[in-house]
Amino acid sequence: DQQVKQNSPSLSVQEGRISILNCDYTNSMFDYFLWYKKYPAEGPTFLISISSIKDKNEDGRFTVFLNKSAKHLSLHIVPSQPGDSAVYFCAASDPWGNKLVFGAGTILRVKS
Amino acid sequence: EPEVTQTPSHQVTQMGQEVILRCVPISNHLYFYWYRQILGQKVEFLVSFYNNEISEKSEIFDDQFSVERPDGSNFTLKIRSTKLEDSAMYFCASSPGGRVETQYFGPGTRLLVL
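Those protein sequence lines, which keep their order, are chains W and X. Position in the first sequence (from 1) plus 19 gives the number in our numbering. Position in the second sequence (from 1) plus 75 gives the number in our numbering.
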């Protein structure tokens, strides 16, 4: 089941620069998208979400962009900080909304 | 800040034994979920629960699994007869309203079946 794909297993970025994490989806019924951050031995922590009626949502250093025609979303972190180093998961839900479908995750390393 | 809690943090069991994983969702949330993550794999949906009944379950959630909300605060996942392949991190989540919106996850229970 590859409905949500994060094709980059890892990303390394210098502190202060922009981190861009990408996510693609195949199910056109998905209408709500979320990004979660996860540290080892902890549960996923909600970061930011976007509804399909929007193409951008911003919260502090985090911005999510949604391109529905391309079935693509991205998370921008500006400026990146060493504490941002974690695994980032993209997740999606459909209008019936009972479950989240997760991508495989991208390991972000922010170097100081 | 309210959070989802889970106990135990780690559980080791023998194949064929029953295990119960416990969760305390955020107090005013109405929707509850279990997910699991096998080492090196994706986080996978198991089951959602609302108004004291299952609202959706995945194909993983077979007859060996059950969920219960025995009182006003706890939400449990029972695996009746564990298999080796049940070894995983199990996450409980809850959300406030009638739509997925944002699900808030607990820290997880690491289950190891020997």
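There could be a bad hint or two in this list.
Listed next, the in silico DSS-like pairs over lysine-lysine satisfying Cα-Cα at most 30 angstroms (straight line) [as the list claims (entries may be wrong)]:
1) Lys87/W - Lys153/X
2) Lys87/W - Lys158/X
3) Lys24/W - Lys57/W
Some residues of chain X that are not near chain W, with every Cβ distance over 12 angstroms (derived) [unchecked claim]:
4) Ser141
5) Arg155
6) Lys158
7) Leu189
FYI, nobody ran anything at the bench for these hints, they're computed from the structure. Every residue, glycine too, gets a C-beta built ideally from N, C-alpha and C.
Status of each hint after checking the structure:
With a CA separation close to 39 angstroms, the supplied pair Lys87/W and Lys153/X exceeds the 30 angstroms bound. A C-alpha spacing of about 41 angstroms is found between Lys87/W and Lys158/X, which places the hinted pair above 30 angstroms, so the restraint is violated. With a C-alpha separation of about 17 angstroms, the suggested pairing of Lys24/W with Lys57/W holds against the 30 angstroms cut-off. At the 12 angstroms boundary, the C-beta of Ser141/X stays outside the reach of chain W, the nearest C-beta of that chain being 17 angstroms off.
With a least CB separation of 22 angstroms from chain W, Arg155/X remains clear of the 12 angstroms interface cut-off, as annotated. No Cβ of chain W approaches the Cβ of Lys158/X within 12 angstroms, the least distance being about 21 angstroms, so the stated non-interface status holds. Every beta carbon of chain W lies more than 12 angstroms from that of Leu189/X, the smallest distance being close to 20 angstroms; the non-interface claim holds.
Comparing the model with each earlier hint shows violations of hints 1, 2; every other hint is respected.
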